[in-house]
Structure formats: structure tokens, C-alpha cells
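Protein chains: 2
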Amino acid sequence: MVKKFIIAIDLGGTNLKCALLNSSLKIKAKSSFSTKSFDNKRKLIGGIVDSINSFILRQNLTKRSILGIGIGLPGLVDTFKGMVHFLPNIPGWKEVSLKKILEQETGLPVFIDNDVKLMTFAEHKAGSAKEYNNVLCITLGTGVGGGLIIGNSLYRGKDNAAGEIGHLPLNEHGPVCGCGSEACLEVYVGNARIIKDARKLFGSKITLEEVSKLAQGNNAKATKFWGEVGKKLGLALSGVVNLLNLDAIVIGGGVSCAGKVLFKSVKQTILMRAMNVQAKRVNIFKAKLGNDAGIIGAGYLVKERLKR
Amino acid sequence: MVKKFIIAIDLGGTNLKCALLNSSLKIKAKSSFSTKSFDNKRKLIGGIVDSINSFILRQNLTKRSILGIGIGLPGLVDTFKGMVHFLPNIPGWKEVSLKKILEQETGLPVFIDNDVKLMTFAEHKAGSAKEYNNVLCITLGTGVGGGLIIGNSLYRGKDNAAGEIGHLPLNEHGPVCGCGSEACLEVYVGNARIIKDARKLFGSKITLEEVSKLAQGNNAKATKFWGEVGKKLGLALSGVVNLLNLDAIVIGGGVSCAGKVLFKSVKQTILMRAMNVQAKRVNIFKAKLGNDAGIIGAGYLVKERLKR
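If you read the protein sequences in the order shown, they are chains A and B. Numbering (the working numbering) for the first sequence: 1 to 308. Numbering (the working numbering) for the second sequence: 309 to 616.
Hints in this document: simulated from the structure, not taken from any laboratory. Watch out, some of these pointers could steer you wrong.
[Stated by the list, open to error] Pairs of lysine-lysine residues, derived as DSS-like cross-links and limited to a Cα-Cα distance of at most 30 Å, are as follows: (1) A:41 to B:312; (2) B:344 to B:334; (3) B:611 to B:312; (4) B:611 to A:158; (5) A:280 to B:338; (6) B:312 to A:158; (7) A:307 to A:158; (8) B:338 to B:389; (9) B:588 to A:280; (10) A:280 to B:334; (11) B:513 to A:158; (12) A:231 to B:539; (13) B:588 to A:100; (14) A:28 to A:280; (15) A:303 to B:466; (16) B:338 to B:521.
The shape of chain A in the complex, shown without the other chains:
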């Protein structure tokens, strides 16, 4: 029997991660490139094709042993048409028929989707949200993204644009947000804001990882700092919990490593601010699959689409 593999790709604003998965979606090999060297769309697509081909070569595979290629992208994607509408952080990507282009270049079936949707898919299939039906996955980083599982399936909304928890307003008025609105959750708990707050408190050279370590060592200022981040996050989540009566929330991304103090503050805020029944129902978990979630989600995407 010929062994079957999936090539999974996670395209971020900074890195292009590439992995070879076996048919059980275990990672067999990995590679990563900076996307900066590919300074336009054509070069970046070329880079994706090269990394697919070099994987096949280096692992001594044939194209016949590859089930398909799954790709996560940081932006608005029509997963069924295989079209990238736009990528806010990668210039030049507007209305790109990526599936068609890559299928022509590689001769393999290609499936694409939004990266946070794939992370959500992975956490629901194989991570922290495995046994839950109605789930919000949230990623805390430069941006604050989210994905939803509703009735045991990935919920996309009409344009595959659902899940934007980062753009829930936390106040009627407040700091301007990149999305064009103001006072969105992202402007309060996105990395740009919290690193600024941290540097005011701890000096201009501290990193968020260091503030996390301080909190894990019970440093009072760091504990208070993450407690405040947790309150803002918990308040936005209270609204979502009231609206969706979720059974689980999964928190991932760099900031989720702040640890217990952040999660405790989120939980306490939900208990204080959300309605009784909904607050008691929801479980709050740290994401389990970490940096591999996008890759594993891309693998599930390929498996799911090929089943149809």
C-alpha cells in the first residue's frame, strides 16, 4: 500500500510555515521561511510552489502519494471557490484565484481557508474543544482573531467572515481601530496596546514574554497587568457568552501564555458580567495545539474536502 500524505501550509504576515502530514495528520517534517524575501504576490506564490516541490523531493515522495495541499491565509478567503479576496497584512493580494493557480502549478488538489478558521477547526477536531458543540476560539496577538464552532461545525457566516471577536466594541467611544471603527476589543488587548502599557509599567525594553514570566513568579505589578487584560477580554467574552450560550472558549496566541492569572481574570469577569446560566455553562481553555494549529487545521481541511 502506498502511504498517503498531506502538505499543509500556514501563510502568516511574517512566516510561511510548511509541513508534511501523514494521513492521521501527524507532522512528519516541517520548514519555515520568512515571507519578507518574497516582496510581491508572484514571488510569494512562486515560493509556495517551490516549498511544495522541495518537500516532495527531499522526502523522496511522488506526487501520487500526496492526497492534497491545504493552505491557511490571514485574510478574507472564499474557501469553496478557492479565491483569496484580500490579505490585510500582505500587500498586493486582492482577488487571487490561488486554488486554481496552485493546482495548475502542482497538479495536486489544493484547498484554502482563513487561518483562524483552520486553527478553530483544529482545536475542535483534535485540541482543547474536542468534546464541545458550540465554541469560540480566540487568538491573541498583533490582531485579535476568532473562529466559531456552532452545532459541531465550523461556522463561516455568509462571506466566511464570521468570528471577528477582535472587533466587538468594548465601549461606545475609545481609541481608533485599524478596522476603521473605535474602541474595538483589539485596541485594548492587541499586542500593540499591551506592549505600550507594559513598557510604561516595567521600562522600555521589556517584552510581553518577560511580563508573562514575571506574573508566573507572582510579581504583583505583572499580576495586576495581566488581570487588567483579562478583565477587558472577559467583558467582551461575556457578551458573546450571553449571545451564544457557548459550552467552551479556547484562547490561543502569544498572550495566552501569560498563564493562570490571565485565565483566572477572564473567568471571574465572565462570572461577574455574563448571565448566570450562560456563565456557569462555559468552559475556558488554553489552546492545545499552539503554533501547529494552523497546519493541523489545513490538514483537516484537505481530508474533509476530499471526503465530499
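Following the hints, position chain B against chain A.
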């Protein structure tokens, strides 16, 4: 062929509405009682049974011609077990096996559900949201309630408690809310608050209906008043639209009669505050079925459950 009918009941904090529907869910007869005369749970259940029996008698029907009884209730209901968990505005209702009690008393199949869920169900089946897949229905009154259609089905959440748009926080801090939190949408656009604001502006005797009429006649103060209500409502809806990428929002309840100025303000706010793709996608409608939505939804509930 024996004609088949459904008895539909909408139990509110003020009135018990009862209707006879034919099998196409057209209303053939209606009655309404004040719930105040039934000052305890036992009497109210007796009142429900009496109104069912008197309907059957007055309309010259036999029990064999009744397909079933559908009931909407203003609170937390386990629709599948037929259990009322609690009704916040009707004292004494805690963990009542209403389905079982009424089936024993009437000998007919009984189905119960939350009233806003039934209104949502009705607007999706036969009202403004008929052709839409992902919908929020919102009712503006003393309370601000909501229901969700997700992927063409009524979305209940884990405890049938989903849809509580009235308890989305609009600010981190603000006026105390009946739910135990603060700064919820309901404290800004619920009737209690807006009648107070209206009386400050227009004098102590004005009603909200009168402020609506003034706005319809282009009175500048009234136009501004409903514009402000629309801004607050629109902001909360912007968050939901970003999160759920809905294709329609249906607004019902007394305040929805304020007319164009309210809807215009809601739409403008969503276009300003929600993300581009989601804001352009969503349609905003006035509820079509008005006061009958709960009754018609109760009819659909009976039909749907009997099909299983």
C-alpha cells in the same frame, strides 16, 4: 376529512394570548386575558387549561381535531424536556414540568419554548427573514430580547439560552442592569431608560408612541431622540455583525414602530462601526408578524415537533 387545528398560546408578563390556528397556521380565532387575575402558578396553569378547553367548546371542535398545543413563555425553558426553568417576570415559576402537567390535564400533545425563540422562528418561517440563513431577531420593549437563526435553523445554545443581545455590554462601566451586570444594551435602549429620557425632553406625560408619531412628522427633537437610540442599538449590532457575518437582522417590539429614523440610524451606525464585508452584507428589517409572531411561532413549533 376532519380539519386539523393547533392551539397556540403566548404567555407574557401582562397578557395570556390564545389563538386557534388552522393547519396552514392562519389565525381562526383569538382571545386574551390579563395574567394579573391569576396570582399564583396553580391558578395560571388552571387559566391556561380553561382557555384551551373553552376554545375547543366555543369553536365546536373535538379534541381529535386538535393536532397539539404550542406555548411560548418569557424565560428559560427546556423545550425538549418540556420544563420551565424560571420566568423572571412571573413569580413562582421555577422548575415546572409544564408539558407533562398540561398533557395530563388536556390529553393533547403540548410543546413549549421560550417566547423570543418562537418569534424568531416565526419571522424566519413566514416573516421578514424568510429567505435568509443567518439572522438575529431582536425585540425592543421593557426587556431587550433576541433569537438567532444559524444555518437556516433556530440556534438555541447549550441551555436554550442563546440570543441575549440585550445583555451585550455597550461600555466597560455604566448603569446597573437587572441581569446583575452593568452597561448592558438593555439599560440604554430598554423602555425604562428611553421613556425617562423622553420625559426629560418632552415633558412628564409623553408616551413612546407619541414620540414615535412626532418623529414620523419630522419633529427635530424626536428625530434626534430616536437617532440616539438607533446609534446605541446599531453599535451593539455592529459587534454581532462582525462576529456572526449575518445576512439579516429583524427588529420588532414596540420601539421598532419609531419608524424610518430609528432604522436609518441603526443602518448608518453599522456601516460606520462594523467591518466592511459584514456591514455591507447585512439587511435590516422591521419584524413583519408584529404581535402575532409568538402565536405563529408556537404553531410552527407544534408542526415541527409532530413531524419528528
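Right, here's what the structure says about each hint:
no. : hint           : in the structure
1   : A:41 to B:312  : 64 Å, violated
2   : B:344 to B:334 : 28 Å, holds
3   : B:611 to B:312 : 11 Å, holds
4   : B:611 to A:158 : 28 Å, holds
5   : A:280 to B:338 : 40 Å, violated
6   : B:312 to A:158 : 38 Å, violated
7   : A:307 to A:158 : 23 Å, holds
8   : B:338 to B:389 : 28 Å, holds
9   : B:588 to A:280 : 35 Å, violated
10  : A:280 to B:334 : 40 Å, violated
11  : B:513 to A:158 : 45 Å, violated
12  : A:231 to B:539 : 25 Å, holds
13  : B:588 to A:100 : 27 Å, holds
14  : A:28 to A:280  : 40 Å, violated
15  : A:303 to B:466 : 28 Å, holds
16  : B:338 to B:521 : 28 Å, holds
Hints 1, 5, 6, 9, 10, 11 and 14 from the list above are not met by this structure, while the remaining hints are.
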